[in-house]
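Please put together the full structure from these sequences, using the hints given.
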Amino acid sequence: MTALYLRLSRDDGTVTESESIVNQKAFLTEYAEKNGLNVVGVFSDDGYSGLSFDRPDFKRMIKMIEDKRINTVVTKDLSRLGRDYIEVGKYIDKYFPAHGIRYIAVNDGIDTAAQSDDMTPFRAVFNDMYAKDISKKVRTALTTKKIGGKFIGSEPPYGYKKDPNDKNHLVIDEETAVYVRRIYCDFLAGETILGIAHKLSMDGVPTPSKQKNLTAARQAGAWNDTSIRRILTNPTYAGHLAQNMTRKVSYKVDKKVRLPREEWIIIRDTHEPIVSQEDFDAAADILSKRGYNKRKRAGEPHLLSGLVFCKDCGGGMSFVRESETRTYLVCSRWRKNAKLGVCTSHSIRESYVESVVKEKLKELASAIDTSEILTEADAFFNSENNNAKLAESLVRKIEACKSTALSLYKDKARGTISAEEYAEMSDGIKAERAVYEKRLEEIRREDERSKTTRNMGELLKGILSFDDIDRNTLLMLVDKIYIGQDKDIEIRFKFDNPKG
111 MTALYLRLSR DDGTVTESES IVNQKAFLTE YAEKNGLNVV GVFSDDGYSG LSFDRPDFKR
171 MIKMIEDKRI NTVVTKDLSR LGRDYIEVGK YIDKYFPAHG IRYIAVNDGI DTAAQSDDMT
231 PFRAVFNDMY AKDISKKVRT ALTTKKIGGK FIGSEPPYGY KKDPNDKNHL VIDEETAVYV
291 RRIYCDFLAG ETILGIAHKL SMDGVPTPSK QKNLTAARQA GAWNDTSIRR ILTNPTYAGH
351 LAQNMTRKVS YKVDKKVRLP REEWIIIRDT HEPIVSQEDF DAAADILSKR GYNKRKRAGE
411 PHLLSGLVFC KDCGGGMSFV RESETRTYLV CSRWRKNAKL GVCTSHSIRE SYVESVVKEK
471 LKELASAIDT SEILTEADAF FNSENNNAKL AESLVRKIEA CKSTALSLYK DKARGTISAE
531 EYAEMSDGIK AERAVYEKRL EEIRREDERS KTTRNMGELL KGILSFDDID RNTLLMLVDK
591 IYIGQDKDIE IRFKFDNPKG
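Letter by letter, the sequence shown follows residues 111 to 610 of my numbering.
Quick caveat, the hints were computed from the structure, so don't treat them as lab data.
Simulated pairs of lysine-lysine, DSSO-like, Cα-Cα distance not exceeding 30 Å:
(1) K590 <-> K468
(2) K597 <-> K472
(3) K548 <-> K255
(4) K277 <-> K507
(5) K169 <-> K200
(6) K260 <-> K499
(7) K272 <-> K320
(8) K470 <-> K204
(9) K499 <-> K548
(10) K590 <-> K470
(11) K548 <-> K272
Next comes the structure, spelled out in structure tokens:
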């Protein structure tokens, strides 16, 4: 009872004829016939990202697996199953075996009914990296539009709407712009942010989050200080398009975080302002004097967090910092109940455990024949980089800013414009030039990095060296680490030892 699973989406980059849904189906159907597999269902998710497993036909296939109507799942390659290597690993290593499912990825030579493929975890990592690479290219294209003064958001800022003749241009939405003007007016008159929020809520004024889904009764929900502050600090309301104000936590996590102001992309005079520049600047001045502080970002977790356990009692190991440069792992049960004689400390330096794990991974990797996947990876990832064209465009824009600045200076020297006019216009040009120069610097840093990882073969060699392993990759490869009383270290991996 075999299921053929097909998937394709925009995160797969340039789609070739052989990768299309139609050709995937033909390819797998032929494979099933040649290998005597009884196909009971073809499941197709066309247009769904490989980073999420919330796909309609994939869930329908899982339901049939739960109902014991399927015992074999076949995909063209591992990336069709998914591109999030952690989730792919869960299905291959845990879910499928637990439900008696044989999994076959034809082009990758994976068949769980046969001998274990030592490269499966690494293939999954590469599929995830491909999705990350595509995400970066999409982000670069969107950044280019932002720098060009094009609005790219799905929802315009409160008080604006998309121009019906140009979706990348904003026009004032008078229905809500009146409340933006009210916020500025009240704030400049001395009202507090919380006071403004309270009055708007009491008056039933629609909040930014509710405005797009207003009911007939116009029930708006409650305003809060965050919404008011964002309106008071967004240059868009003064006619200067501000974007890149938030960023996704990860290319496969939809949660967003607020970026510091210096990372915003602000392009001046792109649309009609709702408030004057003078009022916007006055509000900013008041906010600065009231001492508004940004929240600190949370720290990064330890590399081995959640992976290290006491070999004798099975309890997790806690991280205890002795100094800025030295952290120890100790048995958490001993730490909490030392006076009761529960276990012993098992104290061991965190850096030493990390080094042992890396060395063991290097040892295992040395036994793997990477020639096949190196060839596949080089062909798969050597796509043309768009950074060169973007860099050229940014250089031209920077030179144009320089030329405009020089022209303004000459106009001031001739007396064509006043010193005040010169200062105002010059500041705007400097800010615009700074945005271009910052993005150009980022591109050049990316190019420098790409010189050392020009193809994915080199990147694979870098991964297998394990000199600088990241936490996500470690979670993909390592199941648990046990620390003995005599500081002996036992590492259990999520894949079979290639040395047998």
